[in-house]
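Let the sequences and hints guide you as you build the complete structure.
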Amino acid sequence: MSHYARLWLTSARYCIMRMMMFRGDFFVWALVELFWMTVNLLMVSVIYRHTDTVAGWTKYEMMLLVGTSLLIQRFLMGFFWSSIFEMGRNIRSGHFDFFVAQPGNVMFTATTRKIDPDSLINSLVALGVVIYSARQLGLQPDWIDILAYGLMVACGVIIHYSMLVLCIAPAFWITSVQGIEGSYFTLSEFSRLPRAAFVGLAKVAFVWVLPVVVVSNTPASTLLHGLNGQLAAGLVAITVLWFGLAVFVFHRGLRRYSSASS
Amino acid sequence: MLATLNKYRVTFLVGLQSNLIYRVNFAVRGFFSFFHLIVVFILWGAAYAGSPLIGGFNFAQTFTYFVALLVAQFMIGAFNEDYQISEEIRGGMINQFLLKPVNYFAYRFSIYVAARLVTGLLILLPLIVSLPLIGEHLVLPADPWRLAVGLPALFLSAIIQFGIAYCFGLLSFWFLEIQGFVILSMALESVLGGQIFPLDLMPEWLFRVSQFLPYYYQMYFPVAIFTGRLNDPSAALVGLGIQACWAVIILGIGAMLWRRGLRLHTAVGG
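Sequence order for the protein chains is A and B.
Note that UniProt numbering gives residue 137 to position 137 of the first sequence, counting from 1, and the numbers run on in steps of one.
Note that UniProt numbering gives residue 246 to position 246 of the second sequence, counting from 1, and the numbers run on in steps of one.
FYI, nobody ran anything at the bench for these hints, they're computed from the structure.
Treat the numbers as computed from the prediction; the structure is a model and nothing was measured.
C-beta atoms are modelled at their ideal positions from N, C-alpha and C, and glycine is treated no differently.
Each hint should be verified, as a subset may be incorrect.
Stated by the list, open to error - Among the chain B residues that face chain A by a calculated CB cut under 7 Å, a handful are:
{"no.": "1", "residue": "Phe35"}
{"no.": "2", "residue": "Ala46"}
{"no.": "3", "residue": "Ala47"}
{"no.": "4", "residue": "Gly55"}
{"no.": "5", "residue": "Leu184"}
{"no.": "6", "residue": "Ile196"}
{"no.": "7", "residue": "Leu201"}
Unchecked claim - Sample of chain A residues with no beta-carbon within 10 Å of chain B, all distances over it, derived:
{"no.": "8", "residue": "Met19"}
{"no.": "9", "residue": "Met20"}
{"no.": "10", "residue": "Arg89"}
{"no.": "11", "residue": "Asn90"}
{"no.": "12", "residue": "Asp145"}
{"no.": "13", "residue": "Val204"}
{"no.": "14", "residue": "Gly234"}
{"no.": "15", "residue": "Val247"}
{"no.": "16", "residue": "Phe250"}
{"no.": "17", "residue": "His251"}
{"no.": "18", "residue": "Arg256"}
See below:
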């Protein structure tokens with residue numbers, strides 16, 4: 001375990017050194033992410049200029065939900081996105097050999113090699129949105145709720161990570177997944193909507209089959225209404241299920257990998 | 001004249017072929033775009049549950065707006081023209097155009113038209129398939145003037161779309177990496193171009209300001225004409241005038257960037 005922690009820390013140190021070499025790039029990307037987050041909040045703001053509630057959620061409840069969703073997404077982008085995004089290209093080009101030749105778990109090294117400091121910096125802004133909304137709502141969560149919120153956000157990151165790996169893993173079979181990986185973000189749009197807004201087929205698809213709605217709604221509800229043991233246990237179970245599925249599919253795909261470079 | 005046109009006709013046909021190779025990729029992208037429509041449907045459906053009219057428009061009108069916007073994006077949006085131009089400059093492939101009697105803008109524009117023809121037709125497939133589901137939520141006004149002003153507006157929007165992508169691509173003469181600029185511009189475009197919410201829902205002063213910016217004319221303007229968010233023919237004609245001005249300005253900036261960029265270009269390699 002400590003071996004993997006050391007590996008990750010070495011990679012993280014390299015990414016931060018690289019960021020310091022390309023400071024201009026870092027600022028531009030941090031600004032880009034900040035702007036996209038503002039766009040999401042602006043949308044909430046514009047909708048609530050014309051209506052008081054959306055699926056029973058008031059403006060600041062919705063801000064809290066959007067903030068939570070952005071927080072999960074920033075962590076996903078910060079810790080995993082670059083590595084997983086590159087993975088599809090590496091499989092196609094044969095550069096994936098590098099990861100196969102490394103000692104240790106291939107999935108770990110291939111999906112955690114790069115971090116994006118600009119996304120991690122912006123996770124503070126997303127956290128700021130959550131805290132601001134909570135204050136506007138006059139919430140006073142106790143430390144158990146806050147701890148549970150943190151753990152649920154971590155579950156959300158793991159679920160998104162697993163779904164992203166599952167989006168890229170087809171590259172082992174069909175070589176190019178460019179259309180699919182780019183479209184992953186469309187799915188994440190669902191996580192900014194209140195669960196109560198989903199009915200019928202949409203509820204089955206985006207709440208039960210693809211838990212994109214649950215990952216943001218459950219932690220947000222914990223802050224708003226306190227810890228619900230049943231919901232929390234459900235989220236942990238879904239997390240284990242999706243992570244297990246991602247590990248299984250990745251390793252099945254790895255057996256199919258036959259380098260393109262040599 | 002005919003020989004000149006023939007050059008770009010061939011470029012267009014080659015562009016058509018190369019885009020047809022990626023038809024599955026475009027189809028996948030089109031399919032996932034419909035997920036965005038589901039988000040729109042759920043979010044705005046929930047918002048309209050509390051208020052039958054938002055900004056003076058009902059749910060069907062707002063949903064139609066987003067569907068039309070999606071179709072327009074596939075028909076005229078510049079997907080990755082900026083990156084392709086950037087690649088050609090950074091990789092030195094642009095050198096060949098400097099040695100041949102080919103206008104680089106016209107060459108790139110021919111490929112853009114070919115690509116949009118493919119993606120524009122491909123997005124119609126999932127739209128037709130889903131029509132039984134979404135048909136009852138679509139309302140399009142039938143005034144003839146909308147077609148007379150909307151079609152030239154759509155054409156000018158395509159020029160502005162491509163022109164902006166062309167300018168960003170040419171920035172590669174100066175910068176190694178343009179991705180940050182492009183995505184920052186996309187974020188601005190998504191708000192001020194009406195992709196996140198119809199612009200008329202913004203505060204009045206901001207809506208007025210947006211009407212003088214190029215983003216308004218990239219997509220929102222023709223879509224607003226076709227879907228009935230813009231109902232005054234004379235205001236539409238004034239808009240068409242402003243749009244034409246922006247098209248000329250952007251094309252002018254593109255020509256200037258090309259001239260100045262070439263002065264900096266060192267054409268390293270064989």
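For each hint, the structure was consulted:
1. Phe35: 4 Å, holds
2. Ala46: 4 Å, holds
3. Ala47: 5 Å, holds
4. Gly55: 6 Å, holds
5. Leu184: Holds, about 5 Å.
6. Ile196: Holds: closest Cβ of chain A sits about 5 Å from Ile196 of chain B, inside 7 Å.
7. Leu201: 5 Å, holds
8. Met19: Given that every Cβ of chain B is farther than 10 Å from that of Met19 of chain A, nearest at about 13 Å, it holds.
9. Met20: With a cut-off of 10 Å, Met20 of chain A remains clear of chain B, as the shortest Cβ separation is near 16 Å.
10. Arg89: 14 Å, holds
11. Asn90: Asn90 of chain A is indeed farther than 10 Å from all Cβ atoms of chain B, at 19 Å.
12. Asp145: The assertion about Asp145 of chain A holds, with a minimum of 26 Å to chain B.
13. Val204: 13 Å, holds
14. Gly234: 22 Å, holds
15. Val247: Holds, since 25 Å exceeds 10 Å.
16. Phe250: The claim holds: Phe250 of chain A sits with its nearest Cβ about 21 Å from chain B, beyond 10 Å.
17. His251: 25 Å, holds
18. Arg256: 20 Å, holds
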